[in-house]
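K.L.:
Given these sequences and hints, build the entire structure.
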Amino acid sequence: MHRLSAAATVFFLSVSGCVAREITSDERLDRETSNLSVKDTPNAGELEKVSCENTAEELNKARNVNRPETDRLMDYIALYDSLRKRTQTFEEAMTRNPDLQYREGANTIVNAKEVCIQQTADVRVEFETYMRELVDVPTVQEIKGGNTVTIARLDFNALRQAIETLAPDDKDALLNRVANAEKKVAPSTPAAEESSPSGGKRRNK
Numbered sequence: 144m145h146r147l148s149a150a151a152t153v154f155f156l157s158v159s160g161c162v163a164r165e166i167t168s169d170e171r172l173d174r175e176t177s178n179l180s181v182k183d184t185p186n187a188g189e190l191e192k193v194s195c196e197n198t199a200e201e202l203n204k205a206r207n208v209n210r211p212e213t214d215r216l217m218d219y220i221a222l223y224d225s226l227r228k229r230t231q232t233f234e235e236a237m238t239r240n241p242d243l244q245y246r247e248g249a250n251t252i253v254n255a256k257e258v259c260i261q262q263t264a265d266v267r268v269e270f271e272t273y274m275r276e277l278v279d280v281p282t283v284q285e286i287k288g289g290n291t292v293t294i295a296r297l298d299f300n301a302l303r304q305a306i307e308t309l310a311p312d313d314k315d316a317l318l319n320r321v322a323n324a325e326k327k328v329a330p331s332t333p334a335a336e337e338s339s340p341s342g343g344k345r346r347n348k
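When the letters of the sequence shown are read in order and numbered with the numbering used here, they come out as residues 144 to 348.
Fair warning: there could be bad hints in the mix.
[Unchecked claim] Calculated cross-link-like contacts (lysine to aspartate or glutamate; reagent style DMTMM-like; alpha-carbon spacing at most 25 Å):
#: 1; residue 1: Lys192; residue 2: Asp265
#: 2; residue 1: Lys314; residue 2: Asp265
#: 3; residue 1: Lys228; residue 2: Glu191
#: 4; residue 1: Lys228; residue 2: Asp218
#: 5; residue 1: Lys204; residue 2: Asp218
[Said to hold, decoys possible] Pairwise CB distance ranges (calculated):
#: 6; residue 1: Val208; residue 2: Glu235; range: 32 to 38 Å
#: 7; residue 1: Arg303; residue 2: Glu269; range: 18 to 24 Å
#: 8; residue 1: Gln304; residue 2: Ala187; range: 32 to 38 Å
#: 9; residue 1: Asn254; residue 2: Asp298; range: 34 to 40 Å
#: 10; residue 1: Glu247; residue 2: Ala322; range: 51 to 57 Å
#: 11; residue 1: Glu269; residue 2: Pro330; range: 29 to 35 Å
Simulated from the structure, these hints should not be mistaken for laboratory data.
Ideal Cβ positions, reconstructed from N, Cα and C, are used throughout, including at glycine.
P.N.:
Rendered as structure tokens:
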């Protein structure tokens, strides 16, 4: 009885916590994909719920040059990681149960898997191109108190996370470049951070 009450409480709190924001279709798919991963082998009906086609909104957010570069990079990380997990769900299910590819209506699942593979590859190319652009130019010049100082173009931890997520062959070299760039950045001061809601008076050149 106590266990039932605790479960009910957890359910109530979970529902209450979700009222403020409706989850997106991709978030819903990610939850379904995560649920599948705890099972031995997803069946055909479960795989039919997994799709990589509706990624335009997330991709457009990541591409939006008017947004902060840290936010754009984090969106690329989230989208690429999500697509990769969905692709792995298809591949693992079909490896464990090859009959899924030959049953009646299997074309739907096979085609969905191919879409995920292609989407993951396409997003990876775009994501990696952007990541390397940021590694090449990780800082900008700013005028503070009449002096030119070097500041970070984005959050270096987000850049490191992007490199780790992509794990390219030259990962270690890229991480070293980020570390070296970080050493050149001028330390922030409380006065500068308080002078503007955005964290300082910046005039990028």
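K.L.:
Would you mind marking each hint as holding or not holding in the structure?
P.N.:
Verification of the hints:
no., hint, verdict
1, Lys192 to Asp265, "holds (22 Å)"
2, Lys314 to Asp265, "holds (20 Å)"
3, Lys228 to Glu191, "holds (15 Å)"
4, Lys228 to Asp218, "holds (15 Å)"
5, Lys204 to Asp218, "holds (7 Å)"
6, Val208 to Glu235: 32 to 38 Å, "holds (37 Å)"
7, Arg303 to Glu269: 18 to 24 Å, "holds (19 Å)"
8, Gln304 to Ala187: 32 to 38 Å, "holds (35 Å)"
9, Asn254 to Asp298: 34 to 40 Å, "holds (38 Å)"
10, Glu247 to Ala322: 51 to 57 Å, "holds (55 Å)"
11, Glu269 to Pro330: 29 to 35 Å, "holds (34 Å)"
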